[in-house]
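Visitor: We have chain W already, so just place chains X, A and P on it with the hints.
There are 4 protein chains.
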Amino acid sequence: MAGNSIGELFRVTTFGESHGNAVGGIIDGCPPNLKIDYNFIDNLLLRRATGKSFFESERKEDDKVMFLSGLSENDMTLGTPLAFYVANKDVADNTYEDLKDIYRPSHADFTYEKKYGIRDYRGGGRASARETVARVVAGAVAMMYLVKNGIHIRTYTSQVGPYKYNEDSYLPDFKKVDKSPLFCPDIELSERMINYLNRMKREKDTTGGVVACVITGVQAGLGEPVFDKLQAELAKSMMSIPSAKGFEYGMGFKSASMKGSEHNDPFVTDIDNKNNTVKYTTSTNNAGGILGGISNGQDIFFKVAFKPPSSIGIPQQTIDNKGNPKSIEIKGKFDVCVIPRVLPVVEAMAAIVIVDHLLRFNSLHTVSNKNK
Amino acid sequence: MAGNSIGELFRVTTFGESHGNAVGGIIDGCPPNLKIDYNFIDNLLLRRATGKSFFESERKEDDKVMFLSGLSENDMTLGTPLAFYVANKDVADNTYEDLKDIYRPSHADFTYEKKYGIRDYRGGGRASARETVARVVAGAVAMMYLVKNGIHIRTYTSQVGPYKYNEDSYLPDFKKVDKSPLFCPDIELSERMINYLNRMKREKDTTGGVVACVITGVQAGLGEPVFDKLQAELAKSMMSIPSAKGFEYGMGFKSASMKGSEHNDPFVTDIDNKNNTVKYTTSTNNAGGILGGISNGQDIFFKVAFKPPSSIGIPQQTIDNKGNPKSIEIKGKFDVCVIPRVLPVVEAMAAIVIVDHLLRFNSLHTVSNKNK
Amino acid sequence: MAGNSIGELFRVTTFGESHGNAVGGIIDGCPPNLKIDYNFIDNLLLRRATGKSFFESERKEDDKVMFLSGLSENDMTLGTPLAFYVANKDVADNTYEDLKDIYRPSHADFTYEKKYGIRDYRGGGRASARETVARVVAGAVAMMYLVKNGIHIRTYTSQVGPYKYNEDSYLPDFKKVDKSPLFCPDIELSERMINYLNRMKREKDTTGGVVACVITGVQAGLGEPVFDKLQAELAKSMMSIPSAKGFEYGMGFKSASMKGSEHNDPFVTDIDNKNNTVKYTTSTNNAGGILGGISNGQDIFFKVAFKPPSSIGIPQQTIDNKGNPKSIEIKGKFDVCVIPRVLPVVEAMAAIVIVDHLLRFNSLHTVSNKNK
Amino acid sequence: MAGNSIGELFRVTTFGESHGNAVGGIIDGCPPNLKIDYNFIDNLLLRRATGKSFFESERKEDDKVMFLSGLSENDMTLGTPLAFYVANKDVADNTYEDLKDIYRPSHADFTYEKKYGIRDYRGGGRASARETVARVVAGAVAMMYLVKNGIHIRTYTSQVGPYKYNEDSYLPDFKKVDKSPLFCPDIELSERMINYLNRMKREKDTTGGVVACVITGVQAGLGEPVFDKLQAELAKSMMSIPSAKGFEYGMGFKSASMKGSEHNDPFVTDIDNKNNTVKYTTSTNNAGGILGGISNGQDIFFKVAFKPPSSIGIPQQTIDNKGNPKSIEIKGKFDVCVIPRVLPVVEAMAAIVIVDHLLRFNSLHTVSNKNK
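Chains as they are written, first to last, in our numbering: chain W, 82 to 453; chain X, 82 to 453; chain A, 82 to 453; chain P, 82 to 453.
Hints are computed from structural coordinates only; laboratory data are not their basis. Hints are supplied without guarantee of correctness; some may be wrong.
When chains are identical, the list treats them as one kind, so a pair holds in a single copy or across two.
Calculated lysine-lysine pairs in the BS3-like style (CA-CA distance at most 30 Å, straight line) [to be verified]:
# : residue 1 : residue 2
1 : 229       : 335
2 : 181       : 257
3 : 181       : 407
4 : 181       : 412
If we strip away everything but chain W, and leave its shape as in the complex, we get (with noise of 0.2 Å):
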């Protein structure tokens, strides 16, 4: 029970079924004195709802979000908690009515049912990927903190069905990225992976992908051994979005046919002459930024893979709560793949991560002013 919240001192709370009045949150513990964005949030929203292109599920999400508590006058945060919420618009119950008593393969109305003993059918309820706009609510939150303490997280297209991107390197060329319709850094490989998603539209089928995504501007120190070093938060914060179905970073599963030799990063002085600074780092980052659970300074970079959809066009065998066999053919028109529209909630899920984490190291490392 009881496990909608994430975050211990920046801890985030959400709600809301796919049918319901609405989908939102409340953010326990954000910093005071931080300005609201509202385009910020606009924007990222949209990129959920859209993902900047053609491929999206064409139920309309024009979402806009509203704030009942935590802010001053003018939109700065009062430290008191931030309730939001986005109504459900375009929300037509009796498209569901006749998958009321059915289970649809590889969705979540049968585990739902076992666990409840109840289940909201319209559209997956609280299963469905529509509640992944609370996170990206939270996540904007999240981001203008970070932004402010020059912590910056990106995301790009790895991987779409059988077409992998083939990196050099952990950081691609971002302006590459911006402009590829699915933000992935090879434009080739970007229209490749178009044609392929409309292949799989025509044959009402669907397609797995994976999203990279960068954390820069981290400074060493974040994270808490043993149990929640960094990589496992980021871990269980990616896993337990809609549909993941991997998680690795730094050098991941590869890392397994590597030799320790290869692997190491060494240490070295990086000496900034102009600014007169000295810092410690890697000459290689194979590590992915994180040591011991432990932030090292350098980027974090991490990958999340993502299974098809499972809301296929194509006739499926299954059976109804009584044990039937049914067999059943979705309708309506669903996500071809997670991808690019699954990008935004992967940072959103980084961002309260590291803003989380940003406050736990706070705690220790504060010269307490006394009150005048």
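Guide: Just chains X, A and P now, kept in the frame of chain W:
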């Protein structure tokens, strides 16, 4: 701060540095009336200590657990906190003296110092894999409870260096697994892996690996959407193990290149005429036993990738804590690969997560018994 | 940070400032298949808003709850988070403009500013008793579950200013309580209390009071030693109510002057021949229904003391945020006493604590039902 | 389940039964670079063991703390978990054998059995006041950190049986407190209390008492509304101490009969010409140092009421676990009153709460130091 606990209702808090007095922990929330089987714990500790093979670190870890609380006279759990420790023996501090000021590549020396402003340089301190002893003891207690509930957790070696087990199914022949000194279901492959490990040892180098885990007997309903989904909690627990770099469940990263029509698992009715039972299940299990973050009654399976151990005998360049370049050559005899010693650690962490979610599930599904 | 949640398994997170858009909250972990009774909630909100009397603050709080999630079409709880809010109406900001820079005596203006570096001066912001609306809604949902389990929570007025109810027993005649406009079991005393409140009102002054609470029907076994003992959790929840200054249960402060031989409650066997049941209970109940932090099956009772409201009409000396002395005379019409409006808040907090511990208790006492 | 932890960032988890191997705990989140002062701990343990007087239980508790982790070679905290225990000596099991099946009046025998289905009958098991040893050790570590931050916690005896200290101020002359064997500021009263305790001892009876606590040096800003208000957290921690029956802070229950005009504390500007500082404070401190759940920079003070110990030598009627009536006469020599032994326990719990909130406060008030 305070990242050394895992679990909500079955809450494990661990402590201990590599060369301190002891490693251990407290289990708070262990169900009462559970008989402690010391042999079971000893065996799991032995597997962690030796890997049943000759590839282990040569530190002798003749680990015996000592319980300080939570047990009745005849070793039944009381429902109160179970505190335990395993003493650190064979602790020769002086071998580490010359590493006191040096940041070993890919170790946590640098990050612990940055985080805490102080570090225990002896054997890696809290960042040593020695801390997994406490995980194994807590996991062994968890397993005792799971076995009573018909739940079994098993691991096998899926990859060592470049050698990958080519599975037909996630469920191997565990008799073969038991025969392999590396716990790999393919005996021939197992020998090639051993040869490779021997070669690495000669070269004073190390290698990575992948562990697979299968959990059978879990009922439908475990896991707490949307952030404490079962796979998210498993991912976190696995990624908190020293050297873990990747996690995937079900089809994992492979699902990214699959089509929905391939990946979806049809629901079917499984009629057992002999026992006169009807079970709703799926004809395939690409999902890996979890749908929407909740167990579906099928086997749960996942994999964890581990990097090559960072302690290699080959000379390496690095810096000391004043930024001066240093060449080091790590002495002592260290593990060539985390496999097979990490297998019981994976099992232990899985057990802790599953018990915790079993108790969380139970909180909802009880007919309250009014007191007499 | 992040102090706006209470409960482990029945977890309530609230939000809202006095003059923001709304107050509300999320209940995460509410048991599924519970029918929401809107009348029940409305009645509790009405009691909070008006105290059923003419002593209330004259702000009109025609509070209607709006649920945003967690309910099926026919208002059954789904087991998913229940989000709700009550809009803030009758919000006239300008009355507070001249208090913007002034620290009102015994209000939280100064401390919020010190803590967060910013504060919402309009009506006390988050520190306003307006936030108890969210507690009452969450508590009402908790009570619906408790009533199904045979548990009932009732309060009465034990003291107003110098007028104390002289109880023979912790369990008064609740018919008399219901007849008193101040919910005091002694009707004559009740009138003297009213006269006193009227006098305070004329004098533009305020007064304190004491609320007593009785919980019946709680089975033995609730409470989690050693820190989450039932009385400790009740104490925390009560002391978190605005203006609460003291908590005692059972004989409370009186027990300090009692002898063990007077205070001890003998165990007895209670044989019910009609229902053919045998119950182990105590012949007296000085303990207040809790032994060793765990409910013993007897009635639970406690008292909460409240200070006089800080907003008085009499001129007061204070300072502004530049340290300049200021004389203020608070306008508007405020509560003369928190009684009787605080009674449903006490009930609500008690209900939240008891449900949470009922679910925690359940996690241990379940025969796991294997799925079919 | 899992109620043996307290604190969010300075998290203390305790373990141990009265007649098990040891009592102890883990402090997770203890700030690093804190020097452990063993004498300080020993002294606090000694005060808990003997009360500096002849009124104690005659069990010899020559308690020495043993740390198992979290310390450097020269006893500096590492920021990693501090595990500690105190061995249980003088454990003679057989004295409890005849109480095995009997529910002692007002003890926790019955409720532990109802809750867990099993209980450790030896000396009360986990319900014994012996568990406070772990609180005292953790509190001693907390105090070391507080003293470095200029915060001091002191207690005195406010009541023993019918004898009440008649304070003019919450802040007594602590030199007098130190002179009294019962830590009561009124020496004459102290002697009457002692006479009363001697009388109770002769009569084989027990008595209750009240402890007062004053915390000085706490800056403004600590406490997390709305549920983790500072007084709520203090109340919980105090009410979790064995035998505690009531908590009040500031004017407490007395405030119920006060007028707002009497109770309000005017803000004033305190100009210190010598040190050239200006402090905003209050001219009175009826609030007890907390406004709106947040410390205001004034002294914090509160009282805790304790019931008479339940173990009396006078014959009592009760039942056994089969419901049969039994007469018992508890042997051994038990405490006549929890005072003065409980005073260091009150201090310890206060210290744990204050450190935790200091760290929580810090998480918000840090200029992030980017790594070099």
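Visitor: Could you run down the list of hints and mark each one as holding or not?
Guide: Hints and how they fare:
1. 229 with 335: neither (34 Å within a copy, 38 Å between copies)
2. 181 with 257: neither (45 Å within a copy, 45 Å between copies)
3. 181 with 407: Within one copy only: 13 Å inside a chain, 61 Å across chains, cut-off 30 Å.
4. 181 with 412: The answer is within: 14 Å in one copy meets 30 Å, while 57 Å across copies does not.
Against the hints set out earlier in the document, violations occur for numbers 1 and 2.
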